[in-house]
Amino acid sequence: MRAVIAEDSVLLRIGLVKVLEMAGFEVMAETGDAEALLAAVAEHEPDLALVDVRMPPGFTDEGVRAALMIRRQWPATSVLLLSQYVEERYAADLLTARAGGIGYLLKQRVADVEEFIDAVRRVAAGGTALDPQVVAQLLLRRGGADPLERLTPREREVLALMAEGRSNAGIAAQLVVGESAVAKHINNILAKLDLPPADADHRRVLAVLRFLDGSS
Amino acid sequence: MGISGALRRTTRWSAAHAPWSAWAWRTTAFTAAAIPMALPAAAALVFFKAAPLVLLVALFLTPLLTRLQRSRFRELLEREIPAVAHGDRPLRPRALLARLRSESTWRQYGYHLLVSPLAAIGGAAIVLAWACGFAAAAVYGWSWLLPLEHGGPGWTRSYDAVTALGALLLLATPWLAAALARLDSLAAAALLGPNRSKELERRVEDLAESRAGVLDAADLERRRIERDLHDGAQQRLVALAMNLGIARATLTDLPPEAKAVIDEAHREAKEAIEELGNLVRGLHPAVLEDRGLDAALSGIAARAPLPVELTVELARRPGPTVEAVAYFVVSEALANVAKHARAGRCRVEVRRAGDLLRITVTDDGVGGADAARGTGLVGLRKRVGSVDGTILINSPLGGPTVVTVELPCGL
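Line by line, the protein sequences are chains A and B.
Residue numbers for the first sequence follow our numbering, so the first one is 1 and each next one is one higher.
Residue numbers for the second sequence follow our numbering, so the first one is 1 and each next one is one higher.
Just so you know, these hints were derived from the structure itself, not from any lab.
Please note that a few of the clues may not be correct.
What the hints assert, rightly or not - Straight-line Cα separation of at most 35 Å, DSBU-like style, residue types lysine-lysine; simulated pairs: (1) B:K198 / B:K382; (2) B:K259 / B:K270; (3) B:K270 / B:K382; (4) B:K270 / B:K339; (5) A:K18 / B:K198; (6) A:K18 / B:K339.
What the hints assert, rightly or not - Here chain A is said to cover these stretches of chain B; the calculated rule only asks that three of the stretch's residues, wherever they fall, bring their Cβ under 8 Å from a Cβ of chain A: (7) 236 to 246; (8) 267 to 276; (9) 285 to 294; (10) 298 to 306.
Just so we're clear, the structure is a prediction, and the values are computed from it rather than from any experiment.
All C-beta atoms, glycine included, are put in the ideal place defined by N, C-alpha and C.
Given only the sequences and the hints, what does the whole structure look like? Please build it.
Structure below.
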């Protein structure tokens, strides 16, 4: 797998290169701003772009805008955004185009190298990785007449973990329950959200989308 | 000694107030100078029938005339009449209209049209008094110079009286002039100077402006510190924690003691990141500046240890200082709820009603919050007061507690 990195702090960039190499990626380009990032993606068409949200010249949301552009122009490239803080609207924006192949994590998560590598691999493979903080803020936005209100607290927890991008096994490990229990919860969620019968993966993505939709 | 000292003082005082003293001539010059100053009033009287035109000309001339009068007081009486802020902009109709409506303009008219003619008459009287005084005091001189019909110079009783009267008049005139100057000064201070309440009003405006400036500067400083911490220490710490994480993941064949040390360092680094993050959030979080209140508040609401229902309805973003105070209010209020209220849930509403930003934080806890105790609420009150906001805490024993904060954001 091939990756490009956009991060303006040199110190962090060196570390990120190391971690990506540990995860089995070949780092094609390291850049420090959005413009250079887009040029690198155009040149290498990598599997993954690891992008800092706050970059020169404006130090606001250059990374998000670059990510949206990458999603449009190079759909084969997955994007994992790193941010100092989470803004759930970014997550909603990013996921509207196409669920999957997208990640949005707090920058400090890179310290937990193993978990971070998991997230990187998941996103590069077309999955999602949302920071628990994003999911918490999305949950906060829920309220009023909403199909999600019908979910039990446990089911909401499972849905939140689904939104973070975890597999059934990952959810089971996190909640310390069996995988079959997780599968049962997921079936209940899908039923309660009135999702049309289709293949499981697709419905799963729809459930997450419905979950995220309420925030925008 | 005592008597000679008193004598010396009296002599000196008499010399300073004699008709030939500088004081006498200054007060005389001052009163006499009122005469030409009254010419515009005389002109207004003459052209009385063309009142609108007079008014218009007066509107243009008043500031100039007032300046002349002020310089008369300053140069001849060493008395400073404070200036009135005119807003002396280019003479556009709107500026003229504002001037016409201004209360100080009408006070100045009062001085120039009423006091000034009286002062001029007084000035003329003083000049006349000097002339008569000289003439009378020198009556023997006249009679010696001009041969009069009743038989040349000679000492007569009536001439003695006239001379004495003239001398008295010469002695008294400076005092009359001084009294006139005193009256004129009083009138000028009342009519040409700034109105006290207006002055206070302007002072309050100045203070409000300078306070807003100080607050903005403090806020800017907080944001600068936040930026510095984020770009410096925080990035370094994240890099450090990441490197320790890499070491932990890759150096699997280390002795257990070394591994434990690395684990410990890794955990410490992550805690330091967390602490620094909290510190930065307490200062002025980047998300507030970049994305506004809604995004910033959803961050602290999600981090709160109890379920928080958040509603933020803002058509327009308030200014950065008000935003910072609002953020601080919610952050402090939530911290208080978490610490003291023993609440099950909490509702935060932020709405803009006209020029007011209204924040309500409601919890279903035990109540009994008292702003007089608890430093949290005191800090809250201070921060809210700094932008002229109000805070209302309704917290009966047994709950629920409702904190309502209103921040003016129309400025």
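How the hints compare with the structure:
1. B:K198 / B:K382: Between B:K198 and B:K382 the Cα gap is close to 29 Å, so the pair holds against 35 Å.
2. B:K259 / B:K270: Holds, at roughly 16 Å.
3. B:K270 / B:K382: Holds. B:K270 to B:K382 sits at ~34 Å (cutoff 35 Å).
4. B:K270 / B:K339: holds (24 Å)
5. A:K18 / B:K198: The given pair, whose Cα atoms are some 69 Å apart, is violated under the 35 Å limit.
6. A:K18 / B:K339: violated (42 Å)
7. 236 to 246: holds (count 9)
8. 267 to 276: holds (count 4)
9. 285 to 294: Result for this restraint: holds, n = 5.
10. 298 to 306: holds (count 5)
Going through the hint list in order, the structure does not satisfy hints 5, 6.
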